[in-house]
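Student: Starting from the given sequences, assemble the full structure and let the hints guide the process.
Number of protein chains: 2
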Amino acid sequence: MEFSSKLLEKAVEEMSHLPGIGKRTALRLVLHLLRQPKHQTQTLAEALLNLRQAIKFCEVCHNISDTSTCDICANGFRDSSLVCVVEDMRDVMAIESTGTYKGHYHVLGGKISPMDGVGPQDLKIDSLVKRVESGIVKELIFALSSTIEGDTTNFYIFRQLKGAEVKVTTIARGIAVGDELEYADEITLGRSIQNRIPFETAIKS
Amino acid sequence: MEFSSKLLEKAVEEMSHLPGIGKRTALRLVLHLLRQPKHQTQTLAEALLNLRQAIKFCEVCHNISDTSTCDICANGFRDSSLVCVVEDMRDVMAIESTGTYKGHYHVLGGKISPMDGVGPQDLKIDSLVKRVESGIVKELIFALSSTIEGDTTNFYIFRQLKGAEVKVTTIARGIAVGDELEYADEITLGRSIQNRIPFETAIKS
Numbered sequence: 001m002e003f004s005s006k007l008l009e010k011a012v013e014e015m016s017h018l019p020g021i022g023k024r025t026a027l028r029l030v031l032h033l034l035r036q037p038k039h040q041t042q043t044l045a046e047a048l049l050n051l052r053q054a055i056k057f058c059e060v061c062h063n064i065s066d067t068s069t070c071d072i073c074a075n076g077f078r079d080s081s082l083v084c085v086v087e088d089m090r091d092v093m094a095i096e097s098t099g100t101y102k103g104h105y106h107v108l109g110g111k112i113s114p115m116d117g118v119g120p121q122d123l124k125i126d127s128l129v130k131r132v133e134s135g136i137v138k139e140l141i142f143a144l145s146s147t148i149e150g151d152t153t154n155f156y157i158f159r160q161l162k163g164a165e166v167k168v169t170t171i172a173r174g175i176a177v178g179d180e181l182e183y184a185d186e187i188t189l190g191r192s193i194q195n196r197i198p199f200e201t202a203i204k205s
Numbered sequence: 001m002e003f004s005s006k007l008l009e010k011a012v013e014e015m016s017h018l019p020g021i022g023k024r025t026a027l028r029l030v031l032h033l034l035r036q037p038k039h040q041t042q043t044l045a046e047a048l049l050n051l052r053q054a055i056k057f058c059e060v061c062h063n064i065s066d067t068s069t070c071d072i073c074a075n076g077f078r079d080s081s082l083v084c085v086v087e088d089m090r091d092v093m094a095i096e097s098t099g100t101y102k103g104h105y106h107v108l109g110g111k112i113s114p115m116d117g118v119g120p121q122d123l124k125i126d127s128l129v130k131r132v133e134s135g136i137v138k139e140l141i142f143a144l145s146s147t148i149e150g151d152t153t154n155f156y157i158f159r160q161l162k163g164a165e166v167k168v169t170t171i172a173r174g175i176a177v178g179d180e181l182e183y184a185d186e187i188t189l190g191r192s193i194q195n196r197i198p199f200e201t202a203i204k205s
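Protein chains in written order, with the numbering used here: chain A, 1 to 205; chain B, 1 to 205.
In this list, chains with the same sequence are indistinguishable; a pair is considered to hold if it fits within one copy or across any two.
With a straight-line Cα cutoff of 27 Å, these simulated DSS-like cross-link-like pairs (lysine-lysine) come out:
hint : residue 1 : residue 2
1    : K23       : K38
2    : K38       : K124
3    : K23       : K56
4    : K23       : K10
5    : K56       : K6
6    : K102      : K6
7    : K138      : K162
8    : K38       : K56
9    : K38       : K10
10   : K6        : K38
11   : K56       : K102
12   : K56       : K124
13   : K124      : K138
14   : K56       : K10
15   : K23       : K102
Note that these hints are calculated values from the structure, not bench results.
Tutor: Shown next as structure tokens:
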């Protein structure tokens, strides 16, 4: 692409570093900003700078937070003996939006993935082990994605917790509510038959 | 969406004002910035602010430029008697990338579109008429998109130029090079038959 302006080229270049944004999309976004009043660009730039400079991570669960302890960890009405282990804050938001979970979280910040150069030391595993060893946690729920990396991470944490008095569970995998059996993949369908639950339990939830 | 941080919420909010970026995509982009080194966010924010504050528009053709006259208008080797009328700077970039056009441009900044509240006074039509009246321009090439708005704009400009000594042409519409006839739409195919050109001309280009 040949630009008629160095300033424009630089803005498009920086914008296209964002994931999923190519040069053409970046140009479209930047031209949009140029057509809008100046203050819109200013507000956007300030919001990004403020976030990057002032953002904190909860000292307990490592979720993104404006304070040193996040609202969930600071909430006395939530069950601190129950900790759900997730990959990133989007998973916390997804689980929170169900409105059914009243425990705490632990945000690992990723999965063990040697291909991407992510080892156990890059994740918040040590602090999870410490949290469990402190004795408050009675149950740990693994809610990582069911990929090789997710399974590896689950297994690694499980081994680190050997000897600790904690119940370790994993979220149920099965056919989604409303899905047709004929379109489900074999592994999911197989697991959902193996891990069948009493009908009385199902009708209550 | 429930955010654990006001700063994050604000950044996602501002990001989602960009066209084609929803709340989920905005969150993905912002979380990406959080995972990158601080200077990346800083460079992005500065590039956007610099662009928005220092950008100029060429006084002749109204294309985006770092100087008061753009490189194309300032280039003495280009034919200033030939002016191609386009909607925005992306069209200039598209035509420039063909490498076949050596004339000047006139960037209208949009099309006449009463539905979107865009009238002739919102576009750079007056300055185009003045450019033609100055007598330098011998041929005007309309290269707006062939929509109702594009056709209206072409026709409006054409009427404004009544009496001016200028040849007005429009870019050729037809079947794209390499396309199959059977998949072409009827209007394009119809036009490409009506506006057929001598075979000798075609093999030269």
